[in-house]
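Residues in the sequence shown are numbered consecutively from 1, following the UniProt record's numbering.
Honestly, the hints are just simulated from the structure, not real lab data.
One or more hints might be untrue.
What the hints assert, rightly or not - Here are the computed lysine-lysine pairs in the DSS-like style, where the Cα-Cα straight-line distance is at most 25 Å:
#1 LYS35 <-> LYS288
#2 LYS220 <-> LYS35
#3 LYS319 <-> LYS288
#4 LYS35 <-> LYS386
#5 LYS35 <-> LYS385
#6 LYS59 <-> LYS369
#7 LYS207 <-> LYS220
#8 LYS330 <-> LYS207
#9 LYS94 <-> LYS81
#10 LYS340 <-> LYS207
#11 LYS340 <-> LYS369
#12 LYS385 <-> LYS59
#13 LYS386 <-> LYS59
#14 LYS35 <-> LYS369
#15 LYS59 <-> LYS94
#16 LYS340 <-> LYS386
#17 LYS21 <-> LYS369
#18 LYS369 <-> LYS386
#19 LYS385 <-> LYS340
#20 LYS385 <-> LYS369
#21 LYS220 <-> LYS94
#22 LYS340 <-> LYS21
#23 LYS35 <-> LYS21
#24 LYS207 <-> LYS21
Every value quoted in this text rests on a predicted model; they were computed, and no experiment measured them.
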Amino acid sequence: MPAPSDGVYQLSVQDDATDRKLTLDLTRTGLTMHKLTIGSGRFPTRDVLCGPESSSSFKIEGRKFMNQVVGRYTNRLPAGKSYIIDSSREEGGKRIEIDLDENEPFQDGRGNCLHSGQNGYDLREFEPVGADSTIVQEFRSTNTEPANSESVSPPSLSSSSAHFHLHSPSGDQGFPEAIDILATVTLELFPVPKDTDLTIPSETGPKSRIGRANFNLRAKLSDPEEVARRDSGTPINLTWHTGYILNDFRGEPSDSNGIQQHKLWINSDHHLAVQQSQLPTGEIQPNKALGIDFSTPEAIRPIGEIMPPSGFDQCFIFKNSTGDTVDNTKDPKAILRSPKDDLILVFYSNQTAVQCYSANYFDGIGSRKELHRRTPAEQEAGGYKKQGMLFF
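Construct the complete structure from the given sequences, taking the supplied hints into account.
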């Protein structure tokens, strides 16, 4: 993939005969997903990711964890020095020391290290690498190739992929051991189905599958033999912190109250309980304790009807996600529908849980994309407001 002059890398797949098109814009800093636009031939192009219009505004407007890779450890850990017990080891477990900085103060105790502190991967420059590069070949030799995680997988009409690499040295962010991270992004455009086998039912009629966007993060120890010799290791928990909004801002009706009219379903009956500091207690609670039930016949309901009063900020555990005997990677893990029900995102994952966050701390400061304004000339819209998008 050639180096862009404006710092934005673009992948695109399209079918001119049907006006169907998927386009993804990425920047190296944090490997930010700047734009993911969808054209179906049935509605004007829609960008399903929140964010500013200009990619340079991500740095100007400050750190918001908006569509970047976060790590080495996503979510919250206690700030300061701690020991993690690797219970998979023999003889009572191996103690791994970490020393993390605080970037989320807490009034009644030590604060948290949120998304790996002041210098997370969302601020790092990822390096584009070719499919035949040494680092890609090293990952292929570890048999960690990304798998197709969709049960209904029609042959692609066209596809486009790119690889990006980040090296994280030992001691980085207070975590031991050096690691290498390979991110692979792929867009695929599906042919228009000739029957109903590849359609998704909805209230406004069946929808044909336009395509698939696959985002894969893999990590490996840079020197596994040396780490094994010292019987050491490191915790790691990578993700893309991606915010979605499916509104048609040009048409009516649209979701003027943020995501309240979006419809959501998650393949989950339980979530992780948290302390007042938002750190997990270790207890797994039923979702019904939050007033949420995704198992009902009408489980895909407007977010405004199912979201707790304080908003979503829960780690939902996927059904059948424990144990080694069941391969459920081909089952949908979440579904998000637009207010008009004309655009549907179906999410698949090989992970055991998802953090669902409804942008509860956004305040309208900053900017937003032109496609996310009522009119192209609307300048007073400001940035995204509280509960104006949904992060997975």
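Each hint tested on the structure:
With a C-alpha separation of about 35 Å, the suggested pairing of LYS35 with LYS288 is violated against the 25 Å cut-off. Among the hinted pairs, LYS220 with LYS35 is inconsistent with the structure: their alpha-carbon atoms are about 28 Å apart, more than 25 Å. Taking the CA atoms of LYS319 and LYS288, the gap is near 14 Å; set against the 25 Å cutoff, the hint holds. About 21 Å separates the Cα atoms of LYS35 and LYS386, which keeps this hinted pair within 25 Å; it holds.
The suggested pairing of LYS35 with LYS385 holds, with an alpha-carbon distance near 19 Å, which does not exceed 25 Å. Among the hinted pairs, LYS59 with LYS369 is consistent with the structure: their alpha-carbon atoms are about 15 Å apart, no more than 25 Å. For the suggested pair LYS207 and LYS220, the alpha carbons sit about 39 Å apart, so the restraint of at most 25 Å is broken. For a cut-off of 25 Å, the pair hint linking LYS330 to LYS207 stands: about 20 Å separates their Cα positions.
This hinted pair checks out: LYS94 and LYS81 have alpha carbons roughly 16 Å apart, not beyond 25 Å. Straight-line distance between C-alpha atoms of LYS340 and LYS207 comes to about 12 Å, which keeps the hinted pair within the 25 Å bound. Note on LYS340 and LYS369: the hinted pairing holds, with a Cα-Cα distance of about 20 Å set against a maximum of 25 Å. A distance of roughly 19 Å separates the Cα atoms of LYS385 and LYS59; the hinted pair therefore holds under the 25 Å criterion.
A threshold of 25 Å between alpha carbons decides the hint, and for LYS386 with LYS59 the separation of about 21 Å falls inside it, so the pair holds. Proposed proximity of LYS35 and LYS369 is supported: the alpha carbons are some 9 Å apart, at most 25 Å. Among the hinted pairs, LYS59 with LYS94 is inconsistent with the structure: their alpha-carbon atoms are about 39 Å apart, more than 25 Å. Distance hint between LYS340 and LYS386 is fulfilled; the C-alpha atoms sit about 21 Å from each other, no more than 25 Å.
Note on LYS21 and LYS369: the hinted pairing holds, with a Cα-Cα distance of about 19 Å set against a maximum of 25 Å. This hinted pair checks out: LYS369 and LYS386 have alpha carbons roughly 16 Å apart, not beyond 25 Å. Under the criterion of a C-alpha separation no larger than 25 Å, the hint pairing LYS385 with LYS340 is consistent with the structure, at around 21 Å. Simply put, LYS385 and LYS369 have alpha-carbon atoms about 13 Å apart, close enough for the 25 Å limit, and the pair holds.
Annotation: proposed proximity of LYS220 to LYS94 holds, straight-line Cα distance about 19 Å (limit 25 Å). Taking the CA atoms of LYS340 and LYS21, the gap is about 20 Å. The hint holds against a cut of 25 Å. For the hint linking LYS35 to LYS21, the alpha-carbon distance of about 13 Å falls within 25 Å, and the restraint holds. Among the hinted pairs, LYS207 with LYS21 is consistent with the structure: their alpha-carbon atoms are about 15 Å apart, no more than 25 Å.
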